[in-house]
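Asks: So the chains spell out like this:
Number of protein chains: 2
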Amino acid sequence: MNVFNDEYFMKRALDEAYAAYEKDEVPVGAVIVHKEKIIARGHNLSEKLIDFTAHAEMQVFTSASNYLQNKYLNECKLYVTLEPCIMCAGAAFWTRIGEIIYGTADLKRGFRTVSNNLLHPSTKLKGPVLENECSQILKSFFSAKR
Amino acid sequence: MNVFNDEYFMKRALDEAYAAYEKDEVPVGAVIVHKEKIIARGHNLSEKLIDFTAHAEMQVFTSASNYLQNKYLNECKLYVTLEPCIMCAGAAFWTRIGEIIYGTADLKRGFRTVSNNLLHPSTKLKGPVLENECSQILKSFFSAKR
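These protein sequence lines map, in sequence, to chains A and B. For the first sequence, the residue numbers in this note's numbering are 1177 to 1322. For the second sequence, the residue numbers in this note's numbering are 1177 to 1322.
No wet-lab data here; the hints were simulated from the structure. Treat the hints loosely; a few may be bogus.
Note: identical chains are not told apart, hence a pair may lie in one copy or across any two.
Unchecked claim - With a cut-off of at most 27 Å between alpha-carbon atoms, the simulated DSS-like pairs for lysine-lysine come out as follows:
#1 Lys1321 to Lys1247
#2 Lys1315 to Lys1247
#3 Lys1315 to Lys1284
#4 Lys1300 to Lys1284
Starting from the given sequences, assemble the full structure and let the hints guide the process.
Replies: In structure tokens, the structure reads:
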């Protein structure tokens, strides 16, 4: 049995979400995996950087492309604790990333609220994975804000 | 008569598109205007940076938010030579930018190919402005590639 399964990598994305939480950022984390190896890690930094483009996914797309020296990430998998928004799905389209595995759906701002077809035709979508933990961290964050 | 009209600022966005052209990048340029003053300039750098998130609009969103120290750009106008893609429209949504003025429509990858409602409800959309020049630079670029 392979310990490097979807749950393993989603836990690493969750580690990133907890890092965001500790910085008082909306707790979303992401990792990109290439040949069973994590090549990029990131968490939402919109508040700290005063920049909405600093979503976890955007950062790992940039990091992974830099690491591979390739704009295209078709051999990679993105693990992200929350379903990507329209911006991040649009970025994913350009990268042609091989697969996106999300933790919990985003019924308010997830890309599927607009269309199921925003991703590149060659990109697979899978989820939810570790849904309970991925959603719980967000609920805790927002309930503490009220 | 105000010389700082839409054509004036679109010409500044075109200056950026020409800078991209000279770097062998898909020639799209953008500026962000706040109270009739340009506070951010950028052009597509996807090839140089090996990063699809380096569209002109993404860069000026980051720069303008940093300049204003505000994630929200509701008092700003984005001038961009080509209709934004889904990624850039998704980013624009988060910034709640006041107005987007585009040079030429993108019938293949423009955000309106998916939905007219990707932008924030408070964001105005205007265009085309200087359509001929904004589309001609793209045509020249791609015909030279063939």
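Asks: None of the hints should be skipped; say for each whether it holds.
Replies: Each hint tested on the structure:
1. Lys1321 to Lys1247: The answer is between: 19 Å across copies meets 27 Å, while 38 Å in one copy does not.
2. Lys1315 to Lys1247: between (34 Å within a copy, 23 Å between copies)
3. Lys1315 to Lys1284: within (14 Å within a copy, 38 Å between copies)
4. Lys1300 to Lys1284: Cα proximity of Lys1300 and Lys1284: in one copy and across copies (22 Å, 22 Å).
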